[in-house]
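Using the supplied hints, reconstruct the complex from the two chains, each of which is provided in its own coordinate frame.
Chains as they are written, first to last, in my numbering: chain A, 24 to 176; chain B, 139 to 259.
The reader is advised that the hints may include incorrect statements.
Claimed, not checked - Chain A is faced by these chain B residues, among others (derived, beta-carbon under 10 Å):
(1) S170
(2) D171
(3) M173
(4) L177
(5) A178
(6) P182
(7) V193
(8) Q194
(9) G212
(10) P255
(11) R257
To be verified - Short, incomplete list of chain B residues facing chain A, as computed with Cβ under 8 Å:
(12) D175
(13) L190
(14) N192
(15) I195
(16) R197
(17) Q200
(18) L202
(19) D203
None of these hints come from the bench; they were simulated from the model.
Only a predicted model underlies this, so the values are computations on that prediction, with no experimental measurement involved.
Every residue, glycine too, gets a C-beta built ideally from N, C-alpha and C.
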Amino acid sequence: MGPQPYVERYVVQGGVFDAIGEASTQLKSVLKMLGIPSDITRRATVVAYEAEMNLVIHAGGGEITASVFPDRLELFVRDEGPGIPDIPLAMKEGYSTATDEIREMGFGAGMGLPNMKRNSDSLDVRSEVGKGTSLFAVIRFPSDPVQQPVKEG
Amino acid sequence: MKLVDVVRFTNAEILYGEELIGAIDVEYAYGSDLMSDVLAFARPGSLLLTGLTNVQIMRTAQMLDIPAVVFVRGKRPQDAAIALASQVKIPVILSRLSMFETCGILYREGLLPCSIPDREV
Chain A
24 MGPQPYVERY
34 VVQGGVFDAI
44 GEASTQLKSV
54 LKMLGIPSDI
64 TRRATVVAYE
74 AEMNLVIHAG
84 GGEITASVFP
94 DRLELFVRDE
104 GPGIPDIPLA
114 MKEGYSTATD
124 EIREMGFGAG
134 MGLPNMKRNS
144 DSLDVRSEVG
154 KGTSLFAVIR
164 FPSDPVQQPV
174 KEG
Chain B
139 MKLVDVVRFT
149 NAEILYGEEL
159 IGAIDVEYAY
169 GSDLMSDVLA
179 FARPGSLLLT
189 GLTNVQIMRT
199 AQMLDIPAVV
209 FVRGKRPQDA
219 AIALASQVKI
229 PVILSRLSMF
239 ETCGILYREG
249 LLPCSIPDRE
259 V
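Next up, chain B with everything else stripped away, as it sits in the complex (with noise of 0.2 Å):
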């Protein structure tokens, strides 16, 4: 699914990368408020929804080479992640919606889940 076309779906705002948007395609997506199981359960390349606003998400995605961040329920994030996420060139997406409805309809229009593995607990 085209960034943009990610934007469109969850009428979204976009905070920074305007001009990136365009050149992006996704295929996986994965929603956490923990750094961790994003670090354990998020597949490279694919997009990262969170209501995370600190400065450490955007180095997470960095990490694992996410190529957007999507904010969800309309929480801003923290002026330091959008420098670090302009320095990197992540793009970072606002939407309004909830995680739920956010995942939900990006879901609807085609975005996969990123699997989790079976491991012992």
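Same shape as in the complex, but just chain A (with noise of 0.2 Å):
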């Protein structure tokens, strides 16, 4: 058994544009507070942010849970939205099934998948049409100790 991870769980409510982001920020905060590096917050954000705008876009909400171990962050997305019939190609980056309307809002680029990918070590996507999505994506921290403190004196 490794140690117990520091976790925190988000409830994101499906259609409600105006609050996208809102629990990626709180993410931010609190991984700021942690004291984890800039960068890393940043990337862990970003896959956050993702995932919450496709939650609130296309899955009729879901859940964003964020553990952080000591060597890693991981992150764990679940929806019971309508799936992802085709993960290869949501995978590609421009291709988006959002409307018009989301477009509009400056989002739906297709980049959603693609952005998470590139800001995790590891991003592990599952689907099933009608059921939902589930999505794991893992953050390591730098293996140099450059978070570690200094000690004085």
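The following block contains the structure:
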């Protein structure tokens, strides 16, 4: 058994476009508070933000769980939405099923999953049409001990 | 480039953060009307230029540690966006010029572009 992670859980409501980003913003402040290096925090919040957009826009809501371990951060996102019929296609830049209304708000560029992949060290997406989607992303902390506190004296 | 010079070169208006802009320097800029493109390509810490006016553009800026946002084409950000900007202390600037012209002027004056990585499309 490894050490117990620090866990944050966010429930994201579907269809509430104005709220997109609220959960990820909260996650960002928590990670900052925990002293996670800023580039790791940024990557993690980009992954969470893209996931949050998908939950609101496509999935009718869902849940984001962030677990902080000493050497990594894990994000688990799940929903009971319509599912993704073709994951490799959805992973392609520019592929989007968003409506014009969504696009006018600046979303739906078809960069969501590719952005999540780019900002994670590993990304696993599983989906069943009609049942939902789950996504598991890992972001590793740098192996050199940059965030070790400096001892004075 | 100092943020005050960004305002001066583009003859822009400061909608929020008058007292903050004197202390801010930017080296790179990214212009886009697509939220995810900003997340994909804007270098952290670069100036963001956009025509999107909703609150999410400020959340996007916040996530990428963007020091200031320039709204182009005279598009005024929504009240919620300004409210969030003041909460997180990100200056908001309004340029009446087009995206092309605003970016063109800032490029001419020395702001650098964010590089777009080669990738499989």
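Hints, one by one, checked against the model:
1. S170: At about 9 Å, which falls below the 10 Å cut-off, the nearest Cβ of chain A leaves the hint on S170/B intact, so it holds.
2. D171: holds, 6 Å
3. M173: Because about 4 Å separates M173/B from the closest Cβ in chain A, which is inside the 10 Å limit, the hint holds.
4. L177: holds, 5 Å
5. A178: Holds. Min distance 5 Å.
6. P182: Check passed: Cβ of P182/B comes within 6 Å of chain A, closer than 10 Å.
7. V193: holds, 6 Å
8. Q194: holds, 5 Å
9. G212: violated, 18 Å
10. P255: Holds: closest Cβ of chain A sits about 9 Å from P255/B, inside 10 Å.
11. R257: holds, 7 Å
12. D175: Result: holds, 5 Å to nearest chain A Cβ.
13. L190: holds, 4 Å
14. N192: holds, 6 Å
15. I195: Holds, because the Cβ-Cβ distance from I195/B to chain A comes to roughly 7 Å (cut-off 8 Å).
16. R197: Status holds, d = 3 Å.
17. Q200: At 6 Å from the nearest chain A Cβ, Q200/B passes the 8 Å test, so the hint holds.
18. L202: holds, 7 Å
19. D203: holds, 7 Å
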